[in-house]
Amino acid sequence: KTRTTFHKEKTMNTNRVSATLLTADQEAVMTALGVIRERLPFLIDLTTAERVILPKLGDKTQPFVKKAVDIARQHPELLPAGFLEEMRKDAQLLESLSPIRLAIDLLQKQIDDTVVQVGAEAYAASRTVYAVTKTPYAGAILRTAADDLGKRFGRKPRAVPLAAPAAPAEPAPSAPAPARGNHNA
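Take the sequence shown: its letters are residues 124 to 308, numbered as in the working numbering.
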């Protein structure tokens, strides 16, 4: 169901999201997030400084890691004891976390987009209410509400810039004088 309204700015606002989140559903989502955290107890928090210094694993680097793991498995004698097992665990965990990360990234984007959209819709609706409270038909109570709502738009008075001295006007260019010469043909 879409509701379209026109605002003072002459822009069209479409209500793209018309939903409610029941408290029970919100609690269920929060519980599910808790379960996810419990199932992934090894997750860590890196500082910005730590993130900056770590080498990044991109699309081109993933095949490199897979090949290196294969080579290490074929020639474990070349590596210190325990190295191969930790390398294998890291590579396997990376592979296992990747689809979870993609799903959560998509969910986070959808939540962010929805929050932005419903925030814009709530703000646009609030501006409509504010505009109504300022109409001549609004009573004294609504005018008080309008003053209260109007604090959102309060501005500090700007300093009036000093007027610069006017530059002298340049005289208009005069028409060129007619050429003098012998007009005898």
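Do not take every clue at face value.
DEER-style ranges, computed between Cβ atoms [what the hints assert, rightly or not]: (1) V188 - A248: 14 to 24 Å; (2) V252 - E150: 41 to 51 Å; (3) L156 - L216: 38 to 48 Å; (4) R139 - A191: 13 to 23 Å; (5) Q233 - A263: 26 to 36 Å; (6) L156 - F276: 36 to 46 Å; (7) R275 - L216: 44 to 54 Å; (8) A191 - M153: 22 to 32 Å; (9) D236 - V175: 24 to 34 Å.
Quick caveat, the hints were computed from the structure, so don't treat them as lab data.
Note that the Cβ used here is the ideal one computed from N, Cα and C, for glycine as well.
Results for each hint:
1. The hinted range of 14 to 24 Å is not satisfied by V188 and A248, whose Cβ atoms lie roughly 51 Å apart.
2. With their beta carbons about 31 Å apart, V252 and E150 fall outside the hinted range of 41 to 51 Å.
3. One distance hint, 38 to 48 Å for the beta-carbon pair L156 and L216, is violated here, with the actual separation near 20 Å.
4. For the pair R139 and A191, the supplied restraint of 13 to 23 Å is violated, since their beta-carbon distance comes to about 47 Å.
5. About 45 Å separates the C-beta atoms of Q233 and A263, a value inconsistent with the hinted range of 26 to 36 Å.
6. Between L156 and F276 the beta carbons are some 37 Å apart, a value that agrees with the proposed interval 36 to 46 Å.
7. The given range of 44 to 54 Å is respected by R275 and L216, whose C-beta atoms sit roughly 48 Å from each other.
8. One distance hint, 22 to 32 Å for the beta-carbon pair A191 and M153, is violated here, with the actual separation near 40 Å.
9. For the pair D236 and V175, the beta carbons lie near 28 Å from each other, so the given range of 24 to 34 Å is met.
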